[in-house]
Structure formats: C-alpha cells, structure tokens
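Everything in the sequence shown is counted per our numbering, starting at 11 for the first residue and increasing by one.
If you're looking for bench data, these hints aren't it; they were derived computationally from the structure.
Careful, some of the hints might be misleading.
[Unchecked claim] Restraint-style ranges between C-beta atoms, simulated for each label pair:
id, residue 1, residue 2, range
1, A81, P29, 46 to 52 angstroms
2, C13, M76, 23 to 29 angstroms
3, M82, P29, 47 to 53 angstroms
4, A67, S14, 39 to 45 angstroms
5, Q18, S42, 16 to 22 angstroms
6, Y22, M72, 30 to 36 angstroms
All C-beta atoms in this analysis are idealised placements derived from N, C-alpha and C, irrespective of residue type, glycine included.
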Amino acid sequence: MNCSEATQQLQYYVAGQLPIPQIHLLEALISSCTACQNELLSVQEVVDRLHDLQFVAEPTYMTMRMMERVAMSPQPTRKADRD
Numbered sequence: 011m012n013c014s015e016a017t018q019q020l021q022y023y024v025a026g027q028l029p030i031p032q033i034h035l036l037e038a039l040i041s042s043c044t045a046c047q048n049e050l051l052s053v054q055e056v057v058d059r060l061h062d063l064q065f066v067a068e069p070t071y072m073t074m075r076m077m078e079r080v081a082m083s084p085q086p087t088r089k090a091d092r093d
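Throw the hints in and build the complete structure from the sequences for me.
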C-alpha cells in the first residue's frame with residue numbers, strides 16, 4: 011500500500027468500515043509514514059468536528075414554501091401528451 015491508497019482509505023478506517031486485512035496494511039503504513047500519520051489526524055479532526063455539529067431544524071414554513079414553488083413552476087410535457 012502506498013500513501014495515495016492509504017489516503018483514500020482513511021475515512022473508512024476512522025469510521026471502522028475497513029476489513030481486517032486492510033486495517034493491518036493501513037496501520038503498517040501509518041506507523042512508518044509521518045505524512046500518513048498527519049493525514050489520519052486531519053481526517054479524525056474533521057470527523058470529530060462533524061460529530062460535534064448541532065442539529066438545526068428547518069423553519070416550519072420551509073416545506074410549505076417549497077411546495078408552493080413546485081406547484082407554480084412550469085411542468086414539462088410528456089411526449090405521450092403531445093401525440
């Protein structure tokens with residue numbers, strides 16, 4: 011495994027979604043590569059920050075306004091309707 015391959019797998023590693031053989035290969039590379047170690051720290055930081063985000067509910071009127079806009083938008087005609 012090289013650094014490019016490792017970088018592509020880090021998000022799956024952090025999420026616990028890699029098969030055991032891939033984990034061993036990745037961990038072997040990470041243990042010997044400072045660049046991969048730094049990349050892993052960056053990915054972990056992003057994941058941690060995403061988990062810390064607060065849920066924001068959409069405004070109650072949002073769905074109604076969207077549905078109104080959809081209803082007012084021109085509807086495409088189907089070929090069967092034109093024949």
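Outcome of the hint check:
1. A81 to P29: 46 to 52 angstroms: 48 angstroms, holds
2. C13 to M76: 23 to 29 angstroms: For M76 against C13, whose Cβ atoms are near 44 angstroms apart, the range 23 to 29 angstroms is violated.
3. M82 to P29: 47 to 53 angstroms: Holds, since M82 and P29 (Cβ atoms, about 50 angstroms apart) stay within the stated range.
4. A67 to S14: 39 to 45 angstroms: Since A67 and S14 have Cβ atoms about 40 angstroms apart, the given range 39 to 45 angstroms holds.
5. Q18 to S42: 16 to 22 angstroms: 18 angstroms, holds
6. Y22 to M72: 30 to 36 angstroms: 34 angstroms, holds
Consistency with the previously given hints fails for number 2 only.
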